[in-house]
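Chemist: Residue strings, one per chain:
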Amino acid sequence: MSLTLVGVLGILLLLLAMFFLGMPVGFAMGLVGFCGFWYVVSFKAAVSMVGNDVWATFSKYGLTVVPLFIFLGYLAFNSGIAERLYNAAYRWFGHWRGGLAVATIGADELFAAICGSNTATAATMGTVALPQMKKYGYHTMLSSGTVVTGGTLGTVMPPSVVLIIIGLQTKQSIIKLFLGGILPAILLGLLFVLTIVILCRVHPHYGPAGPRSTWTERFKALAGTLEAVAIFLLVIGGLYLGWFTPTEAGAVGVFFTLCFTVPFGRLGWKGLVDSVRDTLKISAMVFFLVTGAIIFGRFLAVTRLPFMVAEFAAGLPVSPYVILAMVLMIYLVGGCFVDSLGFLVLTIPIFFPLGMALGFDPVWYAIILTMITTMGAITPPVGVNIYVVKALAPEIELSTIFKSVSFFLLACVVCIVILIAFPGIVLIIPGMAG
Amino acid sequence: MAFLEKMSLWVNRVLLGIAGFFLAGMILLTCANIFMRLVWLPLRGTFELMGYFGAVATAFALGYTQIRKGHIAVDIVVQRFSAGTRRALRGVNALLCMAFFALAAWRIGAYAMNLHETGEVTETLRIVYYPFTWAVSVGCAALSLVFLVELLKSFLEKGDSEP
Amino acid sequence: LGPAAAGPIKLSYANFPPAPTFPCIQMERWKREVERRTGGKVVVDTYPGGTLLGAKNMMDGVIAGQADIGCLCMAYQPGRFVITNATSLPLGIPNSRVGSLMLWDLYKKYRPKAFSKVKVLTMFTTAPSNIMSRIPIRSLGDIRGVDLRASGGAAQILKFWGANPVGMPMPATPEALQKGVVKGLFSSLEVMKDFKFAELCKYATLTNTAVYPFAVVMNMEKWNSLPPDVQKVLEMLGTQQSAWTGTYMDNHAAESVAWSKKVQGVEFIELSAAQKAEWDARLKPITEKWVKETGAKGYPSKAIVEDILAFGKMYSGL
Ligand code: NA
Ligand code: NA
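Chains as they are written, first to last, in my numbering: chain A, 323 to 756; chain B, 422 to 584; chain C, 164 to 481.
If you are wondering where the hints come from, they were derived from the structure by calculation, not from laboratory data. Heads up, the beta-carbon is just placed ideally off N, CA and C, and yes, glycines get one too. Keep in mind that a hint or two might mislead.
Coverage of chain A stretches by chain B, computed from C-beta distances (three or more under 8 angstroms per stretch; other residues unrestricted) [as the list claims (entries may be wrong)]: (1) 337-344; (2) 348-356; (3) 372-378; (4) 607-615.
Sequences are here, hints too, so could you generate the full structure?
Modeler: As structure tokens, this is what we get:
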């Protein structure tokens with residue numbers, strides 16, 4: 323049997339284990355990678371590889387940034403910092419038609435800037451914003467989609483666990499990726515706002531205008547966001563100015579969030595314990611996802627499949643953009659069935675070398691891949707954010723959420739097309755940093 | 422069976438508690454290093470210790486995460502099968518994962534022993550680091566235990582208790 | 164189980180740094196020589212950039228058969244390769260050619276137990292280490308408390324100069340420099356070009372101390388399965404490969420310095436004779452301490468140091 327065929331069979335086996343056994347994505351990658359390596363090389367070699375790679379990945383300094391940023395996000399949520407951000411956005415925009423939805427997107431942008439995970443962003447805003455929108459008579463056709471999709475900003479706007487993982491897997495500067503995500507995240511947010519405005523124009527009852535806040539209320543609410551702004555400036559500013567490494571920025575962010583909240587009774591013992599437990603849970607999941615991808619990647623390397631795919635596609639007599647469109651389609655379809663982060667980690671060993679062979683800028687390509695995989699988090703039937711929101715508001719029908727989300731998906735597509743047409747939107751800020 | 426399940430839950434809760442302390446340790450160590458760098462000299466060995474602390478924190482959380490179904494899985498196809506088929510598939514899954522992590526625990530343990538025997542030390546502090554390697558082995562073993570419980574449950578329990 | 168081995172003998176050769184760096188250049192040269200000298204009877208598949216094995220699990224991965232051959236930097240695993248790592252003591256090795264041949268002779272003389280489970284194909288060292296940094300280091304005052312990347316014996320040296328050594332494999336260093344985890348590194352100068360460090364480190368302080376020792380090892384079962392004529396070709400290549408790599412490294416380091424000066428505008432800081440004496444004086448206790456501590460563990464530490472000095476002299480043509 324040719325090695326390429328073994329590689330293809332390995333991928334099929336992986337899909338089989340994931341779909342028919344419901345095996346967690348990271349474990350399936352590790353197990354199939356192990357069996358494949360066993361088949362191609364030897365049992366002794368395969369088992370030694372598993373041991374070495376689990377230890378080497380878990381003890382990697384580069385990955386320590388993951389738990390710290392996840393912890394930062396949970397602390398912000400459990401201590402009410404996120405709620406105050408929403409309140410400020412609401413005071414400023416609530417009196418417009420659809421204003422609460424716009425406020426949710428605005429708060430998402432702000433919260434996304436301190437939180438690294440899109441699920442956490444969706445969960446946070448779902449908890450905070452859904453009851454508010456219900457109170458003011460917003461239709462679930464608008465509110466559910468807003469909350470589900472707004473969470474995707476969390477992955478594109480730095481800091482972002484997805485960008486950290488891409489940076490680690492492709493050996494790129496995490497800071498450059500972070501900087502590259504800022505403008506696309508703002509653009510995406512604007513397109514979401516546009517979607518809301520159009521929806522409310524067509525169906526005015528989706529988002530009735532709320533009461534107008536006084537200027538005093540507005541500025542008082544704005545003052546409540548000071549901690550969030552301070553943490554953001556410290557974390558991202560310190561990173562940008564070279565005061566801290568990403569890991570240090572995460573630790574400093576956590577430290578100051580604790581200083582702002584614990585002494586003032588904003589974060590009790592329960593909030594702290596919940597934050598630690600949820601952080602460890604997500605971190606363990608991410609760590610093994612990365613480990614599984616490394617083990618599976620070693621198997622693919624000995625079959626030489628990724629090199630063949632990259633060579634083949636790069637040699638096709640079509641424009642690189644046609645191949646890019648094909649890759650994006652694969653992500654879009656794949657993202658419908660597999661969790662976005664898992665799918666990304668799984669496919670980077672094949673599609674990243676391909677993008678480089680096609681001559682794309684690595685930062686730009688990473689941001690495009692992030693965008694398209696994040697869409698996976700909101701595409702039915704498998705989209706984490708959808709289920710997070712469904713869990714928070716069980717009374718909303720899944721079909722309603724799906725329909726509501728589809729409006730916003732259109733905005734995501736438009737955003738990606740704009741970024742392909744104008745790569746400068748991604749590259750200008752990292753370029754300025756040199 | 423009930424005893425085994427209780428034990429697995431207890432073991433993984435204890436490990437999670439220890440993991441929490443290592444997470445706190447990571448934050449303290451990093452902040453202390455920044456502080457010392459500002460006022461005097463950086464703490465030697467922060468880089469390597471952070472990696473090892475991170476390893477313990479995440480490896481000790483592996484089993485608890487599985488108990489709470491925190492490892493992302495795709496159950497879209499599985500959900501369409503009958504309860505009986507589902508139970509059988511869950512059993513196969515648990516068996517494979519149990520074996521895989523038992524193997525991983527064994528290999529990492531052997532690796533730790535090898536580090537011990539060859540006398541390898543860390544690059545900066547020149548201290549032995551095999552205890553951290555052992556901890557990762559223990560984390561994998563605890564995860565394997567969780568799957569053993571899942572395997573037994575799929576045999577012994579009637580009906581479909583999966584959420 | 165496994166695909167049948169028909170046709171030529173296939174050997175997988177794993178390496179940890181990216182393809183354009185010197186450990187991989189020597190790997191490709193070795194591959195070409197072996198394929199030519201065995202008349203195509205042996206085919207070598209190379210895996211650069213840690214695709215098959217990473218820096219720290221190279222030795223154990225080769226022992227387990229994850230790769231047939233692996234290239235490792237012994238300095239990354241202090242405590243494990245005691246005898247061969249002695250070559251990174253500050254003993255005044257002038258260049259990579261001398262260092263490589265000296266290390267290979269030292270290995271052949273002592274046959275350390277650390278290598279008993281593998282077949283050693285060759286050994287070589289880098290050129291002497293210098294400081295490359297983002298901030299100028301002109302004196303011992305400047306280096307105090309600065310985070311610099313170094314491994315093994317080189318890390319000890321930094322400690323005695325008052326810097327804060329941070330141990331990590333070379334492939335992890337570009338990211339660490341970019342993220343500010345370290346402010347510079349202590350290594351041979353060819354990395355200025357190979358890892359593009361000249362883009363970040365605009366200063367180099369010429370200290371010319373400590374080499375990093377490397378070994379190329381082969382899985383023992385695989386070695387025993389080779390026909391005698393192939394074994395003979397590989398044996399013959401041992402010393403030649405060591406000398407070739409040393410010479411390549413020396414030329415390449417000089418090239419890298421010229422490129423860093425001309426294209427990247429890197430400032431090369433020379434220490435005055437008085438300063439050099441001061442810097443060297445700080446390192447005196449290192450070798451003494453090593454002889455004492457390693458001797459206490461039962462190694463012939465004194466004889467090892469004497470042999471390193473003697474072999475070094477011999478190959479320097481002194
Ligand atoms: Na974010
Ligand atoms: Na999806």
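Chemist: So, for every hint listed, does it hold in this structure?
Modeler: Going through the hints against the structure:
{"no.": "1", "hint": "337-344", "in the structure": "holds (count 6)"}
{"no.": "2", "hint": "348-356", "in the structure": "holds (count 5)"}
{"no.": "3", "hint": "372-378", "in the structure": "holds (count 5)"}
{"no.": "4", "hint": "607-615", "in the structure": "holds (count 4)"}
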